[in-house]
Amino acid sequence: MLEDGWGITSRADLVTRLYRLLCGDHSKGYAALRSRCTDPEWVERILEDLDKTVDKSTMDVEMCWRVHRFLNNDRGIQDVEFAAWDLMCAAMLTRSGFALDWLSEDEAWDTPTLINHALQMHYSSWAEAWEGYRLGRWLWAAEGPEEEAADDMHDRARSGLT
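Mapping the sequence shown onto the numbering used here, position 159 (from 1) lands on 159, and the numbers just tick up by one.
To be clear, the hints were calculated from the coordinates, so they are not data collected in a lab. Any given hint might turn out to be false.
Said to hold, decoys possible - Under the rule of at most 20 Å between Cα atoms (straight-line distance), these lysine to aspartate or glutamate pairs were calculated in the EDC-like manner:
| # | residue 1 | residue 2 |
| --- | --- | --- |
| 1 | Lys28 | Asp79 |
| 2 | Lys28 | Asp39 |
| 3 | Lys28 | Asp51 |
| 4 | Lys28 | Asp110 |
| 5 | Lys56 | Asp74 |
| 6 | Lys28 | Asp101 |
| 7 | Lys52 | Glu62 |
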């Protein structure tokens, strides 16, 4: 799972990825994209560029999808704090790294302690943190209506909703 999903094949890879996530790897990028989407000239230019390559590049499909989500304020993402996506991914990677003996027991306790503190700094409740995580995951994973429906089903199952 670490190799296929994250490109992590060693302790060094894991520690590097944890550091990047704890520093806001995805959340800072999403915040920057949200900010850029407020500039109509930038939006027009990027959508024109993406339209030329969207048939050839999965990355461009994803970027186009994300730009439209911000423009439409789908699911209220204009007001979302995305830190939970990075922080909860870091918690999962920490657990996996400890299971593989790539992290010591002290590291496996210290990292979630930092994560918990960061979550408390960003969110007023676990429900708010979950919403930040859920919407961060949605923005990261879905590329269109089919993927979006699958992710929604995944989120309902994770949160115990029917």
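**Report entry** Enumerated hints in conflict with the structure, sorted upward
**Finding:** Hints 3, 4, 5, 6 contradicted; others consistent.
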